[in-house]
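*Asks:* What follows is each chain in one-letter form.
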Amino acid sequence: MQRQVALIKQSLFDQGYLDEQFMELEELQDDANPNFVEEVAALYFKDSARLINNIDQALERGSFDFNRLDSYMHQFKGSSTSIGASKVKTECTMFREYCRAGNAEGCLRTFQQLKKEHATLRKKLEHYFQAS
Amino acid sequence: MARDGGVSCLRRSAEMMNVGIESAPLDLDEVHVLAVDDSLVDRIVIERLLRVTSCKVTAVDSGWRALEFLGLDNEKASAEFDRLKVDLIITDYCMPGMTGYELLKKIKESSNFREVPVVIMSSENVLTRIDRCLEEGAEDFLLKPVKLADVKRLRSHLTTKDVKLSNGNKRKLPEDSDSVHTTSLPATTLPPSPPLTILSDSSPSLSPVEMFSSSALSSPIDDEDGDVLLTSSPESSPTTEEESPIRRQKLRSPGLD
Numbered sequence: 001m002q003r004q005v006a007l008i009k010q011s012l013f014d015q016g017y018l019d020e021q022f023m024e025l026e027e028l029q030d031d032a033n034p035n036f037v038e039e040v041a042a043l044y045f046k047d048s049a050r051l052i053n054n055i056d057q058a059l060e061r062g063s064f065d066f067n068r069l070d071s072y073m074h075q076f077k078g079s080s081t082s083i084g085a086s087k088v089k090t091e092c093t094m095f096r097e098y099c100r101a102g103n104a105e106g107c108l109r110t111f112q113q114l115k116k117e118h119a120t121l122r123k124k125l126e127h128y129f130q131a132s
Numbered sequence: 001m002a003r004d005g006g007v008s009c010l011r012r013s014a015e016m017m018n019v020g021i022e023s024a025p026l027d028l029d030e031v032h033v034l035a036v037d038d039s040l041v042d043r044i045v046i047e048r049l050l051r052v053t054s055c056k057v058t059a060v061d062s063g064w065r066a067l068e069f070l071g072l073d074n075e076k077a078s079a080e081f082d083r084l085k086v087d088l089i090i091t092d093y094c095m096p097g098m099t100g101y102e103l104l105k106k107i108k109e110s111s112n113f114r115e116v117p118v119v120i121m122s123s124e125n126v127l128t129r130i131d132r133c134l135e136e137g138a139e140d141f142l143l144k145p146v147k148l149a150d151v152k153r154l155r156s157h158l159t160t161k162d163v164k165l166s167n168g169n170k171r172k173l174p175e176d177s178d179s180v181h182t183t184s185l186p187a188t189t190l191p192p193s194p195p196l197t198i199l200s201d202s203s204p205s206l207s208p209v210e211m212f213s214s215s216a217l218s219s220p221i222d223d224e225d226g227d228v229l230l231t232s233s234p235e236s237s238p239t240t241e242e243e244s245p246i247r248r249q250k251l252r253s254p255g256l257d
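Just so you know, the protein sequences line up as chains A and B, in that order.
Counted from 1, the first sequence has number 129 at position 129 by the UniProt record's numbering; the numbering is strictly sequential.
Counted from 1, the second sequence has number 147 at position 147 by the UniProt record's numbering; the numbering is strictly sequential.
Nothing false has been slipped in among the hints.
Listed next, with one range per pair, are the computed distances between beta-carbon atoms: (1) A/Ala32 <-> B/Glu115: 32 to 42 Å; (2) A/Lys116 <-> B/Ser111: 50 to 60 Å; (3) B/Leu148 <-> A/Met1: 19 to 29 Å; (4) B/Leu148 <-> A/Gly62: 38 to 48 Å; (5) B/Asp73 <-> A/Lys46: 23 to 33 Å; (6) A/Ala101 <-> B/Thr159: 42 to 52 Å; (7) A/Glu20 <-> B/Ser54: 17 to 27 Å; (8) B/Asp131 <-> A/Phe13: 28 to 38 Å; (9) B/Thr159 <-> A/Gly62: 48 to 58 Å; (10) B/Ser54 <-> A/Thr120: 35 to 45 Å.
Simulated from the structure, these hints should not be mistaken for lab results.
Nothing here was measured: the structure is a model prediction, and the numbers come from that model.
We put the beta carbon where it would ideally sit given N, CA and C, even for glycine.
Produce the entire structure from the sequences given, and follow the hints as far as they go.
*Replies:* Below, the structure is given as structure tokens:
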């Protein structure tokens, strides 16, 4: 069972879904707080779902307030960085660059990709936490 | 005005603790940190980092809440806040409403808390930002994501400064070897009162932090025109304890995020 967990984790790192920050968080777990990372992940997904919703609504309105979008993405990138969500973080960075360039098309495209990565990570982490 | 039962309850219990105290010995290891960050995830993480390094933590979600907690949000100088023991304030830079820099300035302007070390955290390695904060009196500037090594280094600073014994005498301990950005901080003159033991139980429940959460409206972040924005690569995080914030950001190579 342990080996299974180790393999799942290894593949998450190898495929670039997670970076070393995730390991930093695991280092903070102890007997009194054995599920700290899982708790943080739960908060992250709850928080980022809210942000995704906000961004979706902002994009649907059609008025590209790049400042506002960039602000949302700044938050998104921040929490993604803190949990070690590497691919999601990359998409956030790209989105922000499109914001700064005022490129609406790029924003929309990147956001679709971001949502995909976010959903994938969520599933993979659920699987990982279930196994461990 | 939003009623915040969370903060005022804690203050009352602090007052209650200080009335008719038996002389509880001041636990020199009990460092009380006020952490300020609008991001819920970051707040949880920094709180954990601090707890792991044996700090008591109060985490709030905005500069205004921090000022409220410190009793700096109104004009009246209340005597009870002399007894509020805060050993370190660590704050995010980019926050809606009041930035960490603005919070830093307000703390440094206050007579009660100006000597409390303030550390700024930021996800962006902006040289002018770092300089400005340090010039305003920030103790240190940490790049996010904050690591355990960063917090341990901060922690060791706090215990190798002048240490106050419960009888009020100062006892100098040898300073650690990291003297680059060490400033000799005068010990805060506080009567020996028990440290504020709020939110200090080690239960994994996250609800105490939620007490301070408010739905902060996001506003466009401070866009600093003309600043050189360097992004740090995660691999280049400093591991030695000797590095000063200024040295640290010079060592970081601008890399793609």
